[in-house]
Amino acid sequence: MNDLLTRLLLVLRKHFLKIVLFSVLLMGIFCAFSYAHSFQTASAILAFTYPNASDGLYPNGTFFNAYNILTGEIIENGIRRAGLEGDVNPANLVDEISIKPRSNASLITTQFIVSYRAGRADRLGAVTPEGLLNSIIYSYIDHFHKTYSNERLALNLDLLENENLDYIDLVNYYNMILNQLQKYLSAQQVSDKDFISADGTSFQDLINIVERMRLTALKEVRAIILEQGVSSNPETYLERLDYQIWKLSNTYDNYRKMQNLYKKTLQDYDSRLTSVVFIPSLDAEQKFYMSKTKIGIDLLALNATDYEEKAENVQRQISQKNQYVGRINDPGKSAQDRDNHTSRVNSMFSELRKQLLEIIDRVQQVEKEYSKYKNHDYVMMRPVETSFLNRANGKSAFLVTVVIDILIIAVLVIREQRKVLR
Amino acid sequence: MKEFQILRYIKRWKVLIIIGMVLCLTATYWYFSRQQYYIAAINIEYLNSGAPDGLTPTGSELKTEEIRTAVIVSSALEETGYDLNVDYVRNNLSIEGVLTPEEENLKKAMLEKGEEYTVKPTNYKVQLSLNSSYSEEIAQNLITAIVNNYMTWYGNQYVISRKKPGVLDAELLDNHDYIIAMDLISESIEKMLQYIYSCEETFRSSQSGLSFYDLQTQLQMLRDSQYEDVYVKVINSGITKSPSLLRDYYTADITEQNLKHSQFTQQAAELESLLHIYEERMLEAQDYSTSSKKSDGEGPTNSGSNSIILNQVYDIYDLEHNPVYSQNNYETLMDTYVNYYASIYSVEKKISEDEFILKRFSDVTEASDESAQMKIRTEIMNLIDAINGIYADLNALGTEYNQSEVARNIHVTSSSKVSKGINIVLYTTLSAILFLGVGCSGAIVLGRAGDLMDYLLYTDKVTGLPSRNSCDEMINKIAKQGALDTFSVVSLFVTNLGEINNRYGRETGNQMLTELGLILQTIAKQYGFIGYNNGNQFLCLLEGCSYEKAKDMLDAIAMELKNTQAEVKPGLVAKIGESHKLSSYQISNLISLTFKQEDIVVYRPMNKEREGAVQ
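For the record, the sequence lines run as chains P and W. For the first sequence, the tail end lands on 422 under my numbering, and the numbers increase by one without skipping. For the second sequence, the tail end lands on 615 under my numbering, and the numbers increase by one without skipping.
Bear in mind the hints are in silico, worked out from the structure with no lab data behind them. Just so you know, these numbers come straight off a predicted model, no measurement behind them. Some hints could be false.
Here are the computed lysine-lysine pairs in the BS3-like style, where the Cα-Cα straight-line distance is at most 27 Å [as the list claims (entries may be wrong)]:
| no. | chain 1 | residue 1 | chain 2 | residue 2 |
| --- | --- | --- | --- | --- |
| 1 | P | Lys247 | W | Lys14 |
| 2 | W | Lys14 | P | Lys14 |
| 3 | W | Lys350 | P | Lys321 |
| 4 | P | Lys310 | W | Lys260 |
| 5 | P | Lys257 | W | Lys359 |
With the Cβ distance kept under 8 Å, some of the chain P side facing chain W (calculated, not the full set) [said to hold, decoys possible]:
| no. | residue |
| --- | --- |
| 6 | Gly56 |
| 7 | Asn156 |
| 8 | Glu239 |
| 9 | Leu273 |
Ideal placement from N, C-alpha and C gives every residue a C-beta, glycine not left out.
Let's have the full structure, built from the sequences with the hints guiding it.
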């Protein structure tokens, strides 16, 4: 062994300079090749950080699929964004881009490495593979934000300008829009109770504004319409009211019949045939109480009450409509009075319209701010580090050089040994 | 025999071992590369309440094998665009239930108690293995696509129970009169509303931004304003394509509704009478089934008996989480009775509506004029467009809602992972180590066997020196090398061996030769080959050895013999032949000439008989 070591040291001493020079040259060639080649490939990390991501779902709760990045629309948008339309075939790009989970962990991966290796057919020109990959990823992020990251408010305001709507329909329409706004804002508030916009508006503030408009301004205009019998087209609307009252009466009769049916059945119910059982139970606070089984008579009684409520509600609507009919037909009202009331209602509606548009505008402003705040971290793109060493593949170059050096030294040692033997 | 030196054997076979190892490495790598397979796996979990009992949300048996169905696999292949055989993928797809640590412990505990463990796993591992013709990426993409397709399929099959309403046919007006078309539109609006009521009001589409509530209020608004407006216009203006046909249609409908009314009334009356009988009989039955009577013997002691026990005491819920009231048979009958009357009232309402329309159209004798028809037609078309616009939004929202609902019943618990079936680096390294071990062992065994053969063939057993065969081989070898340079041949002759054999026996003679052999082995290391050439003669073939050096060797032998403590010592004479001195440069000639040289006394024992005794 000593002999071998001595021979090795002798070889090293004899060829040291040559070996070092050769190693440097080899490493240089390898690094230069890798460095040049690295410009044909690009990688980036795509990280999904929204709450549902770790459950394998999109923000809206549907199944997540990272490979959607390779859909035609996204690739085409990416190519367009990079200004390479016609130079790069989207179909080729689908094969040249690979998506791999960043880790092989046992849980759901939320980070992916997207890599692109430029093919021979890709005419990138001045655009680097990195530039093209980034364009594709950004177009995916855009698509993602557009599709998933924000619960946008969608209001149908078409009827706001519709002059065919009679005043009371217009009130109902405003009411509908305000209700939709309120529901939307309530949902936003539940999802983020602490959010306050730059001007200090919270979702609750907006809810209050919407509610105030509904309960004051809208209620006022409605009251004037009903009390003063204001209608944009009284003749036609009276026909509608007539039909509505008939229809409601029909419904009322039906509800009353149903209520009576349940009452009669409840009365006919022979209590000896079903016993009420009390069961020892625990309530939500883990306190002991006696729970009663729900049986047929409970259901019958509840249904009777339900139909009673429904019937009364319909009756109230009938009375309201009859009252409105009476007001429209009121012979005591002069044409002048009617015109005055109509112009008042018109001006109130124009004020309401202004208010509503202002509220919508404010909601949209806050929403925009909230969206920016909420979606900031939904999905992020980070390029994979591209330092010189990374590009030149320094580690591999070093390892390859070491292996080749070892082989060369071994050959030299064997040669020396043979010489000695000879 | 030569010493047992492991390194010597390995050194001798090292080239072969290295070549063999490289070949073995290459072969192993090539073989395992061809045998390589990629395993991609995804874990899924069923979240519905019946999953631990092995049931789907609809209550049917959960069959995880459905993941392997051709329809799912082929859809996944189509989606990914990979050209793989469907059956190949299906055969290589496996689904395995995975118990959580808690479930494992519970199972163990129950089995230890001797109880049967009936809880089915809710977590499953879906695994796909593909051979070396494919890649890790293909395996990963394909398993993801298969599981995604399966989840969509599973959702449609078992999770989504509600049906979406259909779109309004634009040709509605071509086939029906206006008021009938309006009725059909109303029916469609109600179906859409019913669908919306069955969904989660606050669910909002992330694509359109619309919620079910938004669509519900839009539809209600449309029904209460635009629809109603058109409807009233149709009935108040009596717009019709054919009044007689319209009257016939509603008259026929009233007749049909009346028939239904009679049927339901009859059924309700029958049921009412049945209920009276049932009540009496049930109470009588209770009298008998009750174990004790009142003290006066009349009537039951209480109303409790098996016959009146509810089917289910605790609160139960249907698949859509609505409370289900507990019922016994009596209550079921009562319920049916109520339903009959509800149907009767519904029919009455319909008759009233039909009569209302008939009344409105009673005075109309001719089809409405073209302009009025065109006007109402346009308004109805606008209405249909508006409803279909809402329908399109509802359809997209419903699809998104269904997807999210499916995700609440089944979900992926781990991303697709891919591993290589064979660790080629490990196997290659192991095979290299194995071959190195086998190669080295083989070299040792062969080397040692060679030593043994050499010993048997080429070693003289008495002296321990190379035998005559070995001497011959050596001579041949030197002869092959050609002309000699400085070379000495020394022939040593034991003079007293016969005498010692005769006097002390052969054993003593042999022992003397053995001792001489040991001395010559030591000397040979310094000077060259020394072998026993039989006939009491030793042959020394000394390459690069001059005559003087050969003489030195003889002196050294003499010195050794002198210093040795042996009882019997050999008398030794020698002949030296040196190539230059004898001008002979062929080994055979040199040997022949050597034997013709004069004897040189190397060592003469002081006492011929017993050297030790004399001293």
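Requested in this report: Mind listing which of the numbered hints don't hold for this structure, in increasing order?
Outcome: 1
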